[in-house]
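A.B. asks: Place chains Z, P and X with the ligands on chain L using the hints.
Just so you know, the sequences run in chain order L, Z, P and X.
For the first sequence, counting from 1, position 236 maps to 236 in the UniProt record's numbering; every step adds exactly one.
For the second sequence, counting from 1, position 8 maps to 8 in the UniProt record's numbering; every step adds exactly one.
For the third sequence, counting from 1, position 166 maps to 166 in the UniProt record's numbering; every step adds exactly one.
For the fourth sequence, counting from 1, position 168 maps to 168 in the UniProt record's numbering; every step adds exactly one.
Straight-line C-alpha distance at most 20 Å; calculated EDC-like pairs for lysine to aspartate or glutamate: (1) P:K45 / X:E74; (2) L:K145 / Z:D172; (3) X:K45 / X:E81; (4) L:K289 / Z:E202.
I should point out that these hints are in silico values taken from the structure, not numbers from a laboratory.
Being a predicted model, the structure only gives us computed values, none of them experimental.
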Amino acid sequence: MNTKVTIAGVEFQNPIMEASGTFGSGMEYSEFVDLNKLGAVVTKGVANVPWLGNPTPRIAEVKSGMLNAIGLQNPGVEVFCERDLKFLEQYKDAKVVVNVCGHSAEEYIEVVDRLADEKRVDMLEINISCPNVKEGGIAFGQDPKAVEEITRLVKAHAKQPIVMKLSPNVTDIKVMAKAAEAGGADAISLINTLTGMKIDVERQSFVLANKTGGMSGPAVHPIAVRMVYECASTVSIPIIGMGGISTWEDAIEMMLAGATAVSIGTANFYNPTATLDILNGMKEYMERKGIEDINDIIGIVK
Amino acid sequence: MNTKVTIAGVEFQNPIMEASGTFGSGMEYSEFVDLNKLGAVVTKGVANVPWLGNPTPRIAEVKSGMLNAIGLQNPGVEVFCERDLKFLEQYKDAKVVVNVCGHSAEEYIEVVDRLADEKRVDMLEINISCPNVKEGGIAFGQDPKAVEEITRLVKAHAKQPIVMKLSPNVTDIKVMAKAAEAGGADAISLINTLTGMKIDVERQSFVLANKTGGMSGPAVHPIAVRMVYECASTVSIPIIGMGGISTWEDAIEMMLAGATAVSIGTANFYNPTATLDILNGMKEYMERKGIEDINDIIGIVK
Amino acid sequence: MKVKERATVVAQKKLAEGVFSLELETNATKYAVPGQFINIFSNDKSKLLPRPISICEINELNNTLRVVFRVVGEGTTEFSELQAGDTVEILGPLGNGFPLEGEKAIVVGGGIGVPPMLELAKQLKGSVTAVMGYRNDDLFLADEFIDAAADVIIATDDGSVGVHGTVVDAMKENELTADVIYACGPKPMLRGVAQYALEKGIKCYVSMEERMACGVGACLGCVCQAKEVDDHSHVKNKRVCKDGPVFLSTEVEL
Amino acid sequence: MKVKERATVVAQKKLAEGVFSLELETNATKYAVPGQFINIFSNDKSKLLPRPISICEINELNNTLRVVFRVVGEGTTEFSELQAGDTVEILGPLGNGFPLEGEKAIVVGGGIGVPPMLELAKQLKGSVTAVMGYRNDDLFLADEFIDAAADVIIATDDGSVGVHGTVVDAMKENELTADVIYACGPKPMLRGVAQYALEKGIKCYVSMEERMACGVGACLGCVCQAKEVDDHSHVKNKRVCKDGPVFLSTEVEL
Ligand SMILES: Cc1cc2nc3c(=O)[nH]c(=O)nc-3n(C[C@H](O)[C@H](O)[C@H](O)COP(=O)(O)OP(=O)(O)OC[C@H]3O[C@@H](n4cnc5c(N)ncnc54)[C@H](O)[C@@H]3O)c2cc1C
Ligand SMILES: Cc1cc2nc3c(=O)[nH]c(=O)nc-3n(C[C@H](O)[C@H](O)[C@H](O)COP(=O)(O)OP(=O)(O)OC[C@H]3O[C@@H](n4cnc5c(N)ncnc54)[C@H](O)[C@@H]3O)c2cc1C
Ligand SMILES: Cc1cc2nc3c(=O)[nH]c(=O)nc-3n(C[C@H](O)[C@H](O)[C@H](O)COP(=O)(O)O)c2cc1C
Ligand SMILES: Cc1cc2nc3c(=O)[nH]c(=O)nc-3n(C[C@H](O)[C@H](O)[C@H](O)COP(=O)(O)O)c2cc1C
Ligand code: FES
Ligand code: FES
Chain L
1 MNTKVTIAGV EFQNPIMEAS GTFGSGMEYS EFVDLNKLGA VVTKGVANVP
51 WLGNPTPRIA EVKSGMLNAI GLQNPGVEVF CERDLKFLEQ YKDAKVVVNV
101 CGHSAEEYIE VVDRLADEKR VDMLEINISC PNVKEGGIAF GQDPKAVEEI
151 TRLVKAHAKQ PIVMKLSPNV TDIKVMAKAA EAGGADAISL INTLTGMKID
201 VERQSFVLAN KTGGMSGPAV HPIAVRMVYE CASTVSIPII GMGGISTWED
251 AIEMMLAGAT AVSIGTANFY NPTATLDILN GMKEYMERKG IEDINDIIGI
301 VK
Chain Z
1 MNTKVTIAGV EFQNPIMEAS GTFGSGMEYS EFVDLNKLGA VVTKGVANVP
51 WLGNPTPRIA EVKSGMLNAI GLQNPGVEVF CERDLKFLEQ YKDAKVVVNV
101 CGHSAEEYIE VVDRLADEKR VDMLEINISC PNVKEGGIAF GQDPKAVEEI
151 TRLVKAHAKQ PIVMKLSPNV TDIKVMAKAA EAGGADAISL INTLTGMKID
201 VERQSFVLAN KTGGMSGPAV HPIAVRMVYE CASTVSIPII GMGGISTWED
251 AIEMMLAGAT AVSIGTANFY NPTATLDILN GMKEYMERKG IEDINDIIGI
301 VK
Chain P
1 MKVKERATVV AQKKLAEGVF SLELETNATK YAVPGQFINI FSNDKSKLLP
51 RPISICEINE LNNTLRVVFR VVGEGTTEFS ELQAGDTVEI LGPLGNGFPL
101 EGEKAIVVGG GIGVPPMLEL AKQLKGSVTA VMGYRNDDLF LADEFIDAAA
151 DVIIATDDGS VGVHGTVVDA MKENELTADV IYACGPKPML RGVAQYALEK
201 GIKCYVSMEE RMACGVGACL GCVCQAKEVD DHSHVKNKRV CKDGPVFLST
251 EVEL
Chain X
1 MKVKERATVV AQKKLAEGVF SLELETNATK YAVPGQFINI FSNDKSKLLP
51 RPISICEINE LNNTLRVVFR VVGEGTTEFS ELQAGDTVEI LGPLGNGFPL
101 EGEKAIVVGG GIGVPPMLEL AKQLKGSVTA VMGYRNDDLF LADEFIDAAA
151 DVIIATDDGS VGVHGTVVDA MKENELTADV IYACGPKPML RGVAQYALEK
201 GIKCYVSMEE RMACGVGACL GCVCQAKEVD DHSHVKNKRV CKDGPVFLST
251 EVEL
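Isolated chain L (complex conformation) (with noise of 0.2 Å):
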């Protein structure tokens, strides 16, 4: 039975990731799954300097789902270098997609840049699409020449191969999957979080101190589906599947949809060991379906 499954060269012992921002850099997740076990850790986010983030606070509950408003904290691309990719070293078998966030092109690409020649990074998820920066962020995710030219310069810098993550915050996802394959991307993900609000009634104000945040989880999913199906059927790069991924009837879903691996995100926060628990269902339903290679189910349902 076969699980591997390739993505712009590199290869991935099965399809499973996790989801950029949920999972640190897989230090505090190490308690429950081996990471060594996983297709691929993805990071969160990480910029050229510190950021702070956003005020909290930053989370809300909502039905089948949560709203997120991070706002990209992270420690910099220089202490991510030094220690969260060194922690990763350890764990030779799962790949590593380092998730860059930047305000502008220049921040993208200095932080490409210095990620260039760091051997334990195999591929990078530039984040266009995250609703929480007012200053670029989603702006660049919404519009298709701005995914065009952003995805143009980041590959003209990149040594690894680029993934260009979407928002699904538009009126037509196929537009921006075209926008980053003709910008030369290797690959795409989506979908990153929709932006949604949570007011709270008995205190008459909003929940997250962000006003809105980024919805993810189960309630999402079929959004995702629906996406994913769509850009396969436009572009020919491989997809990388998330949103609501829970189980491994949903991961099988996204395949079947055109996804060439997934990642797992909100479901880590109510079963740590969400990523396996997945990946052990996956192999099952390959077993009982007579599935011997599981690019054999990539996008067949049409």
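C.D. replies: What follows is chains Z, P and X with the ligands alone, placed relative to chain L:
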């Protein structure tokens, strides 16, 4: 305690409506709720001629929500006037909002013209956002120019105030709200359903015959609240808020975000008395909080 | 009259592998007729839509309805774990039910289509032949038809009991005739039974299935294709939940 | 070591209006220290995020943890309805806990901040003065401090018992001194206690609260403001779930 709200000169005894397409024309739910107690009955979308709708399955369950791909099946405006409007004659206290659909501007106008002299029709809700109609529907609702134009055309013909119903499947809902306002809309209503997809992993096929369906229910509520909030700070016409309202808290939340009235859709399916339960809960909230006039809470969270 | 209420579980019993019998105390009992169904709601709040399940028996004395269901997904798994004393939300009775007709009736059930035939067989005034199709020798409910039907004929896919084949094979083999046939089961079976009825010139009622949301006729989610333009919809669609689930085999596309 | 498991409810008791004591049998007990908390998950599958609740007592003999909580929303309502024999998912123990220090300690609890002080008072080696603030005479848990603390001082908002005022008023009135103060309660109280400690030159630990998602330090959802750049975050933020919930009052913005 005043629960009356006014939209475009039409006074509703309370802000509770049910959402188009989830309540028929009220006939079926009149076994459970006294329609006369509702702010308004909003009818299922009606076209110039009968529409067959999509093949089945038309319904899929998703976490905290559902997908539907009814495809706007309806008996046409003639039967609607003779049967449904006649049925609604007996409920004088509730206003009647007729939801109008069409494949083209001409079709919308034909319906609007036919309804012009129907005394029982208090308001028209123009559905430019149904994701299940390939020929028109969503295309209108996703292009601000089209929104403005269709609004202008319909407004020129309509004898009743018009509410433009917006699609949430857009990059920036504020742009659409502004377009509707510019076109002369008396009010806007949002959100219609978010396009989603579900795949059956055992059968490896789409659950819905139409592949995609519109997502509704509690899962979409935070997105709806955010969009209502964004529109409320953008346009000065009133907003009818909907999307996942299933408790009085959800309804109050929507009004705090800026909605003058609210519609209850999917919740009717699992609680046939949802509309009146929510109304009662709102009244208790007002009493408890010493809110004399429901209008005093509209859009106060900023 | 439809009732939405928290019904109390009076008894739960496993009838066969994956097939359960659930007895619910509910005021919906008062209004129920054979062929109707109830919507059962999950206690898991992330699952909003009801599971439609046919009424298998109506016990007015105890104010209970009995349903028999097969575990196919998360909802039915949850229902199978209910125990006496637990409560579950239901809405019902829904749909039209079977009209009680004829001097001589055949009731045909296939697999999980067998249960609704039991109350029907009991209530039919004339003589009843029950024809039941199963996969194998797990003949759940079959024994309970003995009192309700004059004849009980079994067909099994694997030939372990009765006729080796489908219910239609069994009907043919027994050259069954009657004034009316009532059938519930998978679509291919209904098609076969309808064809048999047509050939023999017997009136035939079939009970249809479709994914539902409202269950009361409002959402138009559950339509089946009608042969003619329907009075309510004004298109060739009929609502399974409201206009059905029972239709004349000649009214609908099978 | 953190444990994620289905814990079994051993006992549930109402202590005061809206305040409940829940005893859970769990292997997390083995690793727990005072001041840590556990994440309790709702059985309602539409609610995904855990409710962090402080550990009130650790009973290694019975392998049980006791938590005491106030009903404020749907999650805590659900927990209050749990009965012996029921199960509930938990993750824990989480956070750092109180360091056990000093010859003479003051433990200060306000309202629902009282419970974590109980196990702490028990485990502290030196002499302990317990200062507890309540709204009114519903003095839940106060009696249980009698064995654990040398002195028990009560303050109530309405003056019905003990000092009329806050815990800080009570501390001032009793001119309390010690080597170390441990405090848990609403932020204004923590601010007051920290100020008192500063003035008296006493080391002071405070237990902080913030909305959480992961509970294990991965998501950065639960940060509080730090006075200095933090070693882990490299910004002026500390994670309440991992670096806390217990901080030196001088480390964090109150
Ligand atoms: C009128 C009617 C009467 C029925 N009577 C019986 C009966 O007596 N005994 C019995 O075992 N089954 C009966 N069914 C089928 C039963 O409704 C489904 O097996 C059940 O809904 C599956 O729920 P689940 O959560 O276990 O499966 P899932 O597949 O997890 O359900 C997911 C969703 O699909 C819907 N769904 C799945 N299968 C069906 C289906 N076949 N028909 C309609 N909706 C479906 C569910 O209601 C739910 O909304 C009947 C269906 C209809 C329409
Ligand atoms: C470290 C820590 C220890 C705590 N210890 C206790 C304790 O011992 N006893 C006790 O009664 N309470 C304690 N709390 C507060 C407790 O977590 C909340 O009261 C509880 O989460 C409310 O859940 P709910 O579903 O009833 O309320 P809801 O308001 O419906 O909850 C909605 C969401 O907000 C979160 N939330 C709401 N209030 C709080 C809060 N004050 N802190 C953190 N998250 C919150 C919930 O976890 C949930 O995700 C503690 C909080 C923290 C952070
Ligand atoms: C707390 C939190 C933090 C996140 N941080 C990042 C981030 O730093 N960079 C990024 O690209 N996406 C980030 N995301 C988005 C996730 O990677 C993922 O795209 C999204 O949550 C949908 O997947 P899920 O539903 O499985 O969580 C974050 C999500 C959450 C919930
Ligand atoms: C079964 C179904 C049918 C619908 N039909 C219509 C329709 O005919 N016209 C329309 O404008 N919206 C239609 N809608 C959208 C609803 O009116 C509403 O905008 C949406 O469902 C969100 O609200 P809810 O989450 O409360 O259901 C339909 C929704 C559902 C679930
Ligand atoms: S389920 Fe809504 S019309 Fe039948
Ligand atoms: S709750 Fe995730 S870091 Fe604290």
